[in-house]
Amino acid sequence: MEHRHKVLLVDDDPDLLEVYRETIAALPSQPEIETASSGARALAMLEKDNYRLIVSDLKMPRMDGLQLLSVVRRKYPELRTVVLTSVVDEQFRSRVYALGVDLYWHKPGSEQEMTQFLECMESLLGREYEGGFRGVQSKSLVDLVQLECISQSSALLRITNGPLTGRIWINTGEVVDAEVEELRGEDAFRKILRWKAGNFEFLPAEPHRPRTIFKSYNALLLETAQAIDEQNNHNTDILGEAPGNNGASGLTALVQTDGVEFALKMVAETKVDSRGLENPEKLATWTHQAINRFRTLGDSLQAGALEQITGIGLQRNVAVASKGGTNLCVGWKNNLDAAEIRERMKKIITLWAS
Amino acid sequence: MGFLTSWFRSAKPLLKLHSGSFSMDRTGRILACTLPSSFPVDLVEAIGASVTLTFAEARAAHLPLDELVINYPVLKITAREMRGGAMVFLSTQNLSESTHNP
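Top line first, the protein sequences correspond to chains E and R. For the first sequence, this note's numbering begins at 75 and goes up steadily by one. For the second sequence, this note's numbering begins at 39 and goes up steadily by one.
Treat the hints as calculated values from the structure; they're not laboratory data. Where a beta carbon is used, it is the ideal one built from N, C-alpha and C, also for glycine. Honestly, I wouldn't trust all of these hints.
What the hints assert, rightly or not - Which residues of chain E face chain R? A few of them, derived with a C-beta cut under 7 Å, are:
1) Asp138
2) Ala364
3) Gly372
4) Gln382
5) Ile386
Claimed, not checked - Straight-line Cα separation of at most 30 Å, DSSO-like style, residue types lysine-lysine; simulated pairs:
6) Lys420/E / Lys54/R
7) Lys114/R / Lys397/E
8) Lys149/E / Lys54/R
9) Lys54/R / Lys133/E
10) Lys50/R / Lys149/E
11) Lys265/E / Lys407/E
12) Lys80/E / Lys122/E
13) Lys181/E / Lys50/R
Stated by the list, open to error - If the Cβ cut is set under 7 Å, some of the chain R residues that face chain E in the computed set are:
14) Leu53
15) Ser88
16) Glu95
17) Asp104
18) Glu105
19) Leu106
20) Val107
21) Ile108
22) Asn109
23) Tyr110
24) Pro111
25) Val112
26) Leu113
27) Met120
28) Gly122
29) Met125
So here's chain E without its partners, still in its complex pose (with noise of 0.2 Å):
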């Protein structure tokens, strides 16, 4: 065996942890396993070493497994996580997977439950060695539009981007068409493919679309990849760090949104830019306080990662938001109501993770 998984079992059980040791240890692929009876003693080895994939129980005194699985997921968002427990209450299902744990199983109670669970536990440890398609964080949506285009086919291509949907459609081997928002033709397709995450399914081929793209599938894809590789290079996302001007010109295209009156973002609690704010240092330390407090509090009520903070005044309405170190504050006009500003946050954040 070339390369064998890791794979940390946590469970306050020492004869189950035994038992489910020895089942998992006998796996095809043959992961080295490790114990824990604890979600501390979890965390110290999860510290040490690298693991593949940790199995926890729910239900451990001190450290819950929903306390444990909060801090893996933020902590070690690689580490894929299994749930193995007696909890039978849908409650804590509908949480383990807020949480971003990858499964949720019941203790298996007969021997086809037990293989299946087998047959989830392999699957998951063997993902990264598996060929095809399972979605963009494998293969790049440039991959997948050229790999149909190659073999010409015809297929409807959605994709989902948080609460973005963008259409492909492609017929015998030429992009025909595509559709995102109010975009369409090569606007869109070029907008779709710099997404960097999401799901994507094939529909059925629309064989009648009406054609709104001319141009040949190879060149479309070559000046897709050119202008990828240029907003790459100067980080001009929606908030991106270009050198010079931090994330200046995305800043500035945010508070030409409609709705948005000025925009904030902070890379640290130091590093702050904003558009449409005179005094903005009062405000950044607000965000950068607002959200700690609510990611803590997120935490001890394990409730899941903090999505987004609205705040309605007569003034003045703003909505706060974290992804991947950076904090930002938008302020939004006081005609929209906070399920108006929750919605057009969520897009902008989407906007801004890809």
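Following the hints, position chain R against chain E.
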């Protein structure tokens, strides 16, 4: 021995989220609460303290706010400012419910 082993290993109950509301005055005292008694009081106080402090800091930053909405994947907290205190509503989101308890 088995009894002792299981007693020492007894796991605490998992925290269950509930929809409900409570009000807190400016001193941090809980005035009324519709959340079940199984929901820890220290968490109710922590939520109240977080929102009242955030309202106060917003005022200090020249951004007076009347309402805060905090979104998590499975919980929405809505807080209305009430003369230094707050009225707080918790609403569970996207949670499947069942009749079983852990």
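Review point. In ascending order, which of the hints set out earlier in this document are inconsistent with the structure?
Key: 27, 28 and 29
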